[in-house]
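Number of protein chains: 2
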Amino acid sequence: MAAVSIMDEFEVHKNEKFLEIAESLRPKLRSRFQPPQKIVEIARTKFGECKVVKERAAAVLQDMTFRKGDKVCLDFGDHMVGYVSLELASKGSHQDAPVFLHLKFGEIPQEIEDKSEDYHGWISRSWIQEEYVHIDVLPAKLELPRRYAFRYMEIEVIDVSLKFSLQIKNAACKAVSAVNFHDVDPINTGDVMLNEMDRISVRTLQECMQDVFEDGPKRDQRLWLGDLRLQARANYVSFKNYDLAKRCLYLFAGMPFNEGKISACVFTEPEPAPDDTYLMDYALLFGAALYDYYEATKDMDTLVDLYPTAIRQIEIVIDNLNADHVVEDPGDAFVCFIDWGEGLNKQCSAQGVLIYSMRYGMRLAKVLGDEKTCQWLEKESELCKKAAVDTFWDKDQQLFISGEEKQISWASQIWMILARVFDVDMSHELIMRTMSINPRIRMVTPYMYHHFIDALIRCGEEERALDEMKRYWGEMIRDGADTFWELYNPYNKNESPYGSSIVNSYCHAWSCTPTYLLRKFFAEKKGWMI
Amino acid sequence: MAAVSIMDEFEVHKNEKFLEIAESLRPKLRSRFQPPQKIVEIARTKFGECKVVKERAAAVLQDMTFRKGDKVCLDFGDHMVGYVSLELASKGSHQDAPVFLHLKFGEIPQEIEDKSEDYHGWISRSWIQEEYVHIDVLPAKLELPRRYAFRYMEIEVIDVSLKFSLQIKNAACKAVSAVNFHDVDPINTGDVMLNEMDRISVRTLQECMQDVFEDGPKRDQRLWLGDLRLQARANYVSFKNYDLAKRCLYLFAGMPFNEGKISACVFTEPEPAPDDTYLMDYALLFGAALYDYYEATKDMDTLVDLYPTAIRQIEIVIDNLNADHVVEDPGDAFVCFIDWGEGLNKQCSAQGVLIYSMRYGMRLAKVLGDEKTCQWLEKESELCKKAAVDTFWDKDQQLFISGEEKQISWASQIWMILARVFDVDMSHELIMRTMSINPRIRMVTPYMYHHFIDALIRCGEEERALDEMKRYWGEMIRDGADTFWELYNPYNKNESPYGSSIVNSYCHAWSCTPTYLLRKFFAEKKGWMI
Chain A
1 MAAVSIMDEF EVHKNEKFLE IAESLRPKLR SRFQPPQKIV EIARTKFGEC
51 KVVKERAAAV LQDMTFRKGD KVCLDFGDHM VGYVSLELAS KGSHQDAPVF
101 LHLKFGEIPQ EIEDKSEDYH GWISRSWIQE EYVHIDVLPA KLELPRRYAF
151 RYMEIEVIDV SLKFSLQIKN AACKAVSAVN FHDVDPINTG DVMLNEMDRI
201 SVRTLQECMQ DVFEDGPKRD QRLWLGDLRL QARANYVSFK NYDLAKRCLY
251 LFAGMPFNEG KISACVFTEP EPAPDDTYLM DYALLFGAAL YDYYEATKDM
301 DTLVDLYPTA IRQIEIVIDN LNADHVVEDP GDAFVCFIDW GEGLNKQCSA
351 QGVLIYSMRY GMRLAKVLGD EKTCQWLEKE SELCKKAAVD TFWDKDQQLF
401 ISGEEKQISW ASQIWMILAR VFDVDMSHEL IMRTMSINPR IRMVTPYMYH
451 HFIDALIRCG EEERALDEMK RYWGEMIRDG ADTFWELYNP YNKNESPYGS
501 SIVNSYCHAW SCTPTYLLRK FFAEKKGWMI
Chain B
1 MAAVSIMDEF EVHKNEKFLE IAESLRPKLR SRFQPPQKIV EIARTKFGEC
51 KVVKERAAAV LQDMTFRKGD KVCLDFGDHM VGYVSLELAS KGSHQDAPVF
101 LHLKFGEIPQ EIEDKSEDYH GWISRSWIQE EYVHIDVLPA KLELPRRYAF
151 RYMEIEVIDV SLKFSLQIKN AACKAVSAVN FHDVDPINTG DVMLNEMDRI
201 SVRTLQECMQ DVFEDGPKRD QRLWLGDLRL QARANYVSFK NYDLAKRCLY
251 LFAGMPFNEG KISACVFTEP EPAPDDTYLM DYALLFGAAL YDYYEATKDM
301 DTLVDLYPTA IRQIEIVIDN LNADHVVEDP GDAFVCFIDW GEGLNKQCSA
351 QGVLIYSMRY GMRLAKVLGD EKTCQWLEKE SELCKKAAVD TFWDKDQQLF
401 ISGEEKQISW ASQIWMILAR VFDVDMSHEL IMRTMSINPR IRMVTPYMYH
451 HFIDALIRCG EEERALDEMK RYWGEMIRDG ADTFWELYNP YNKNESPYGS
501 SIVNSYCHAW SCTPTYLLRK FFAEKKGWMI
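Each protein sequence line maps, in turn, to chains A and B.
The first sequence begins at 1 in the working numbering and counts up one residue at a time.
The second sequence begins at 1 in the working numbering and counts up one residue at a time.
Just so you know, the hints here were simulated from the structure itself, not pulled from any lab data.
The reader is advised that the hints may include incorrect statements.
As the list claims (entries may be wrong) - Per the computed footprint, the stretches of chain B lying under chain A, defined by three or more beta-carbons under 8 Å from a beta-carbon of chain A, are:
| no. | stretch |
| --- | --- |
| 1 | 93-99 |
| 2 | 134-147 |
| 3 | 158-167 |
| 4 | 259-273 |
| 5 | 432-441 |
All of these numbers come straight from a predicted model, not from anything done at the bench.
Glycine included, each C-beta is placed from N, C-alpha and C at the ideal position.
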């Protein structure tokens, strides 16, 4: 199902001061050149998975010649976000026709095997990373102007001519990021899988830290508010690039629209602009993201600037509560994110996010000594918690239900725990019951899994949290992840909310939180070396 | 059948002085901007022809919006050789995905309708003029870096996104040529068709006059020797750009290879280089092209420089005559051009070209007072004529035959007439007989048709020559030619030597000779106004 928002009457009120601050914090990207590490062959196994089945040294490329229909797949050895160049030459008679190439870029082997023409999803096929290029004069240095996110690059020679063949003398990727991976010290947990999980988290985050915190450098390539909150948390325990986080917070606060709402995502090209997409949960979480930033930096100026925006997001949702003092059931409308996953009812989770956000609102108000707001939030929070239990708690099942169909999902339980609707003991019972029952409406994104782990930790289940991280992110690693994926449903590995996994992002910042979780909640307690 | 030459031991001996002269004559291209004139729809008739079936004003484009799958075909009103730019913008929500476009360029409507994936010919499919382009940020000015030859440009929106549509605000072609069309005064023959034939000839020539005399600006895009001779002749009665002709002659003479042979075609990018293709008839005709240039310019320095090259080409062929003093039958080998056309035996025609070229050799020798060479050519010419009659003349059929299979073709008769093997009366009988019998091995290219018209004029059949021009080039005009086509077989309009007409060139310089024929042989005699 297509999940897009289009607002007919979309009135943006730009705050020029905020946007100037954001602009002043635009990072200068670092770059490094990476040659391909191997030449590989990719094939589909009988289980439908695509794997590298043959490898050769990259040096072999220099001696290869390509005729009509020939292909080669370069493996750059790790995930790249950057600009590719190829040095091309001809062999044989003088070049007497253009060279016509088809280039494909894949973060995972499957993208090389999948055929673009088979894609019929609802998200734009323009996100599939491929190019068709003619080269009229050889030798030539082909410098592709677009940025790609990839590890594998397939070069297919659609045609040369009968008189000459193509040589690919050199290939390189100018990899870019706002940060340097080696500036973050690794952790030694004593557990290889956890160490690797941390390393891949940091790599994932690095790849997504560009001009802004991007959600994914392959697809979307832009700043989403819900994603930002998790990326920033991981950043505060790793790269500590506070300016980039600050830049992003000012971008959101600098472009409110109707009623003072802030957008779920903003564009920075050709100039800053908000998307006409309002996601209630993302907007609410702005305050949490602001508080995280303040906690990491103690930057009071930013707090003063952006506090009203955070509080306004809570007000807007409260103003729209229904007669039962709960969030209206959004149904199929794309007004609240929570998680991808077909059929998830989001009413109960949204109420949880509201209460969770009010807690952060109170923290912000306290720092600023805004007692009036603090009291109002405290009162509202109690009302909302009570309304949540009255409306969503199913005494018989001892689980939260959501929507008219009284749906039981993982998300509802988790957000109610994070909202602290119950005390720790009852929350603990609830999370254990949820795991035992394993509701059919499961979690699909690492974004939602993060909140599950957060809930486990809240309930004192730290060891189980580590186990679950290993079962989820660890399984992704075993499935070959160089960076963590946007979507991972262990029950359906080809799941995509877009109609096909070919447009899934396989380096997605909201999946990088293991480094945050490990370093924030475990490192000190367990005495891990950083 | 693939017609390519690849020489294993290809040794080029560059004459730097000649190449410096060629370089010093490189033209500065003129350019002008042309917007599209109309928006058109093209469809295939029940006879398989592609035609414009609907037209709208180009101004409509400004108000159109394009979504996934939408197409528009721009008609620039006439043949263009140049660089295209488009101003693109988005409408609706903010652009949230790249725009993915497929662009097709066609000299004739059929190229827009034909599908590239259906092409399976032997010549490179890279000549099909199409591009796939992603545009990441709108608004954007898309300036395509490659040069196209086209009248029609189809823009297909492969995808945008559900949130925005594409607008094409402006399209323009920066058309380029070494010469200005309006520098040539039109002729008034009193016959609309002949006037149009002259105009289209001049347009065709203009479009092919670029950095060198190109054969066709769509495909090949380079300097072929046989084509040059005809282009230059048309140039001397129209644009009179003597420098470009001189440049081309020096390029051929500046890069001889094994035995002093000159190449059938030369490349100028990335630097001057000859193709490893030797075509006996093309090489022989270098002398005729040199004489034409001298006659037009009286440039004695060039004549002195290039005369040895011209004579050497004749020597090489004479040195390789067989025991009967005729050219060896080339069979299927691509060593002699004469004409495209399946199954044409070229032995007799090649002998004709040799004798024809010796006549020009004698003319050159006379101008330079080189009596020794003149006498040698006179003697050889008589031997070759006698040998031609002995070997190829079939007394019973009163026609020339060629090759082991004693093939009767139009080409053999025509080249024997142009070689002046017989006197004018016998030649006249022969051309009349040929037309009456209409040998099954017909003419396919305007290049060969030019020699047919030349033969008719030689035989005193001027009026018939005009009629035949109207039947051939006039029919092309009625079939919609904006510029004259590389190939035109009135008996098989989709004929292609390449496996599919999608790679045929529809603006081909060797087809531009009507202006030469009309202005050289008719204008003065008939008192036509120029």
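Need the list of violated hint numbers for this structure, in ascending order.
5
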